[in-house]
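Chain order of the listed sequences is G and Y. If you read the first sequence in the working numbering, its first letter stands for residue 148, the second for the next number, and so on. If you read the second sequence in the working numbering, its first letter stands for residue 93, the second for the next number, and so on.
Quick caveat, the hints were computed from the structure, so don't treat them as lab data. Every value quoted in this text rests on a predicted model; they were computed, and no experiment measured them. Note that CB positions come from ideal geometry on N, CA and C, so glycine has one too. Please note: incorrect hints may appear among the correct ones.
Far from chain Y, some chain G residues (derived; all Cβ distances over 12 Å) [as the list claims (entries may be wrong)]:
no. : residue
1   : E355
2   : A451
3   : A488
A few chain G residues facing chain Y, derived, Cβ under 10 Å [stated by the list, open to error]:
no. : residue
4   : E242
5   : Q245
6   : I475
7   : L487
8   : L489
9   : L590
10  : Y593
11  : A599
12  : L600
Calculated lysine to aspartate or glutamate pairs in the EDC-like style (CA-CA distance at most 20 Å, straight line) [what the hints assert, rightly or not]:
no. : chain 1 : residue 1 : chain 2 : residue 2
13  : Y       : K305      : G       : D625
14  : G       : K203      : G       : D249
15  : G       : K335      : G       : E361
16  : G       : K337      : G       : D312
17  : G       : K651      : G       : D664
18  : G       : K174      : G       : E195
19  : G       : K199      : G       : E239
20  : G       : K284      : G       : E261
21  : Y       : K99       : G       : E361
22  : Y       : K99       : G       : D390
23  : Y       : K99       : G       : D625
24  : G       : K220      : G       : E242
25  : G       : K335      : G       : E360
26  : G       : K651      : G       : E239
27  : Y       : K302      : G       : D625
Residues per chain are reported as follows:
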Amino acid sequence: MGLFDKLFGKKDKASSGGVKPDKSLDKNMKFMKEAFEDCTDIVYREFEVGNKYKVKAALIYTDGMADKILLNKFVLDSMMINTRIADNQDLEEHEIFQQIKDQVLTVSEMKEVETLEEGILNILSGETVLFLDKYEKIIIVASKGWAARGVSEPVTEAVIRGPRDGFTETFRVNTALIRRRIRDTRLKLKTYQIGERSKTDVAIMYLEDLVDEEVLEEVNKRLNQINYDAILDSGYIEQFVEDNWISLFPQIQNTERPDVAAAAICEGKIALLVDNSPFVLIVPSTFNALMQSAEDYYERWPIATAVRILRYFAAFLSLTAPSLYVAITSFHPQMIPADLALALAANRQGVPFPAIVEALIMETTIEILREAGVRLPKPIGATIGIVGGLVIGQAAVEAGIVGPMMVIVVAVTAISSFAIPSYNVSIGFRLLRFIFVLSAGFLGLYGVSLVALILLVHLSSLKSFGIPYLSPFVTIMDYFGDMKDTVVRAPLLSMNNRGITTRKGRKNRLDDKKPEDFGKGEE
Amino acid sequence: MFQNNEKVSPSQLASVIILTMVGTGILTLPRALADEVGTDGWLVILFSGAISMLLLYAMGYIVKKLPGKNYLEILSATLTKPVAYVLVFLFIIYSIVLNSFLIRIFGEVIKMFLLFYTPIEVIMFTMLLTSIYLVRRGIETLGRLAEFMLPIVIILNVPLFLLTLQGTDFSNLLPVFQTPIKDLVMAIPTALFSFLGYEIMLVFGVFMNKPNKAPRSGIWTIGIVTVFYLFLNAMVLSRFGVQQTTHLIWPTLSLFKTIEFPGLFIENVEVVVMTMWVFIVFMSVAPFYLSNVILIANFAGVKNHNLFALPLLPLIYFISLFPDSMAATYYYLDIIARYGATLVVIIVPLLVLIALLIRLRRKEEGNNA
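Chain Y on its own, in the form it takes in the complex:
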């Protein structure tokens, strides 16, 4: 029989991570940046990209050095078992909440642009059910799907960006280097959270068939996303200018809404864009969902993670309905991103890395002695 032990190639995992990251950050990044640093957003994106790259490289390094170990085992091996269980539990809570709010925002957007009269609950529920279908198929399917989708997303984005060129004013991008360095540094967390999603590297790393390539694939993963965000930021700013951008809830969607193309058969390109956006959000929600389910299975010591796919749905569903409004959702999301992500994305991997390096050093010394 074939080895069917759920493996993904480095490029498949990279595609998963790229799509996960883009799905979370794409909507609000330009507004947040325009709010804080005006026209210097690109600098912030570059900085945050560099930081993310280092972090993902570190995670890749951990995966490379501890191949075949799941998240819990990685933490147990480096930070002792009790600490590992606490941190995994925090990670689960963090990503359940993050996923819930993602779903909520998705529901709100779909309701606003596509289905005006459909209850948001139906939209969210169907999306979650679709995600569960993927979750039950496992990581291998997710990897293949991501590798299939990524080129299509890239190819479809090129004409969209070209279409938005009409009516842009690139002088809106100027002036540059106006913001004091202190403000730039303060803005980095905002941009950093638009890159969220790559923390699943540590969860999915165990499924990689060539863990040696993990660190390198991390570099171009972040590289692609950084370039995409730079483009997006530039297009939005040059189209709307700083002032207007700060007043838009979802500047990215507004950008695509402005597309007008004489002779184009379709009147409203925004509907097409929204339809494609469903795919992108799905590729962001489903990996989070899968990583949740896998982590819970690890936490509970159960091999078959499928068991947890369906029971998780009501939890995510109710958490996503918890905020009263869009503003409240973003408020909570901001909190979760600031504290949760700092812990999960920055502190934990760095701790693991340090512990791992110490361990390796000791081993080396042991060998030498």
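Bound conformation, chain G alone:
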């Protein structure tokens, strides 16, 4: 534990300073009311407890964030009615507080804090603060409960086979979804509060024995550096902790699926959960991980492998298809078989633009369509698809602005980009595609190769928390076992290796059993 104490020593920062509560309830209430001046959503409820010794008490909570039924039934009911019935005549005055905590408050979760500032933060987080007159501590009753979206199917990562629960906006639900999948004391959860004003709960979850300590330390360091008004989504955290903020490529994976997060944790990665965001971040991440879908592991391996090859091919198409078309038609027509070349030329007859302009027009159109489709309500979105895709495409060809081949290329490109599992990779590709088209228009296939080289150099230079972004492709010799889970997906029975993200010396997953050892039962 020594290591973790050192790592997370900053945690008790909040309790070091702040105003201690006064003995007098009235003074405390005055302080709170001043602090919450013009905050009409704060509820104050003052009441009395007990029979012989009457103790003045007060509850403060935020309306709408605290569970009122819980407060009425298990706090107020117990304290106001049950204490009067109870036989506590022989109690000394100072014992009353202990009595209240131990025997009166019938709530499952309760804690005490020392300063008024902490009390305020708890009120704003949805907890309820209980002040008792002449008691110098603040009792916090866990009463978080608000209208929240329930666990529902993840929208961005739908699968045909596999669990259908997805993360929600509620922090605790999310941690529970992961905990339910890894019932291990070694699954650790450390919480931070980040954001000068939002005080957003951010948690890291990892397996203590598999995580790489260097990465863990780095995550802790980078999270502690964040200083910003409000963290409204995990996207903020992502941008504050990623390695290269200029790059077009996401160096941190995000997921809505608890099974994906749990699988990543089992590879020694760290999951970052942010309150109010259904997207959980996974670090360190590789390009390869962004090209995987949860379903790959649930289906049979030859099919999963085929699908992955298809996916990489689709990624290639979505990046280069229009630029290859432009390069070949305008610089290297000798590549095209004679019959096809003639047909192409006939198709393009009357098109007034060079291929590059044609490509840019169509690509821009389709990007506008796509952007419009995202913003529109669902029923109208479909209409846009039909109007945009079919009508404009058809009309553009008939009007002679673009050739029909170009429409096919652009359509294939657009569809291919949807075959990439990660949305944030595919939007990067969308932008790069324009650069490819431009370079193809100037230097043909040579230009395409140059941009591809620059792209490869850039990807090779990227690192995510110390792990090369293109691993295991760039660490083939040192981590050959990792290649089993890349373009191919080897049978689970043979994936003995946990991979580069796991702590060194903890690589063995199957106790070195061979595939032949499985599925036979007792002998």
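Assemble the complex: chain G is given as a structure, and chain Y must be docked to it using the hints.
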């Protein structure tokens, strides 16, 4: 924070060296060999491969014995400081000129096969700019990129070689053992210069994370390249025969140009081959460029080598435009290869090795005494 002190693994450095070597020698080797020894080229390749292997092993040994020392420091430690500065200066000149001519040949080839109407200056300039991007990212990126590219290059080459099988006549490889030994020996330098590129081992050795493995990785580095050259030579000869091969400027490209595959969608495979060749040349130009920049930084005593990446561009650019024609380029390249490479690749490492061995021996004696 992570240790970000620019390290490459032995396999990454080996990949860099393999790709660097292949990029320089691939184009002309079969013609040069056919010119000098006819069908016995394979013997010459084997000999030169063996010699290169010994040299690279020696360089690996030097890196192993003097870990964490850059080229200048290695030379200073073994051959005294003034000599070291002179030799490093010569090395810089040699590799700048070599790089320039590589770029020039690359430009000519691209112009001939891919972009007929684009000025060669544009081709060369864009290539150099792309190289600078890599150079500024440093050795770590280069190592990863090389390890990524090497398997792809190998995998893509297999179907290409298979496609060229059509129309080959393996009797063209015969007769063997016809050339007198004297001619064979005379031809070795020619082949040796097709292996050029591994001299960067001494420059990049300082970045190796496991210097102990340097000598061994050198062996299979050269082994792979030798096998590749043997294949290439055999394919070209069996396709064209000795007579025709001697008349081709770039027999390797001509070989791929002959690929015809019924039912293949693409008419001209040569364009695809040329596009891939851009990658190979890049992996040859960029390491040279990086080694130049690192050496200049060492020479000037500056830590950050990025400073020199851009200023070097005009120099390389103008030197590459210096020869009037392809023939002149090859003439100069031949001179630079013969004298420069002999010094840089053979003499200097051997001198360093001898000095190092003497030093180690003395140390041992000192310990014993």
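Going down the list of hints, with the structure as the test:
no. : hint            : in the structure
1   : E355            : holds, 21 Å
2   : A451            : holds, 21 Å
3   : A488            : violated, 8 Å
4   : E242            : violated, 54 Å
5   : Q245            : violated, 49 Å
6   : I475            : holds, 8 Å
7   : L487            : holds, 8 Å
8   : L489            : violated, 12 Å
9   : L590            : holds, 7 Å
10  : Y593            : holds, 5 Å
11  : A599            : holds, 8 Å
12  : L600            : holds, 5 Å
13  : Y:K305 - G:D625 : holds, 13 Å
14  : G:K203 - G:D249 : holds, 18 Å
15  : G:K335 - G:E361 : holds, 16 Å
16  : G:K337 - G:D312 : violated, 23 Å
17  : G:K651 - G:D664 : violated, 26 Å
18  : G:K174 - G:E195 : holds, 17 Å
19  : G:K199 - G:E239 : holds, 11 Å
20  : G:K284 - G:E261 : holds, 5 Å
21  : Y:K99 - G:E361  : holds, 17 Å
22  : Y:K99 - G:D390  : holds, 18 Å
23  : Y:K99 - G:D625  : holds, 14 Å
24  : G:K220 - G:E242 : violated, 24 Å
25  : G:K335 - G:E360 : holds, 13 Å
26  : G:K651 - G:E239 : violated, 60 Å
27  : Y:K302 - G:D625 : holds, 12 Å
Of the numbered hints stated above, those contradicted by the structure are hints 3, 4, 5, 8, 16, 17, 24 and 26, listed in ascending order.
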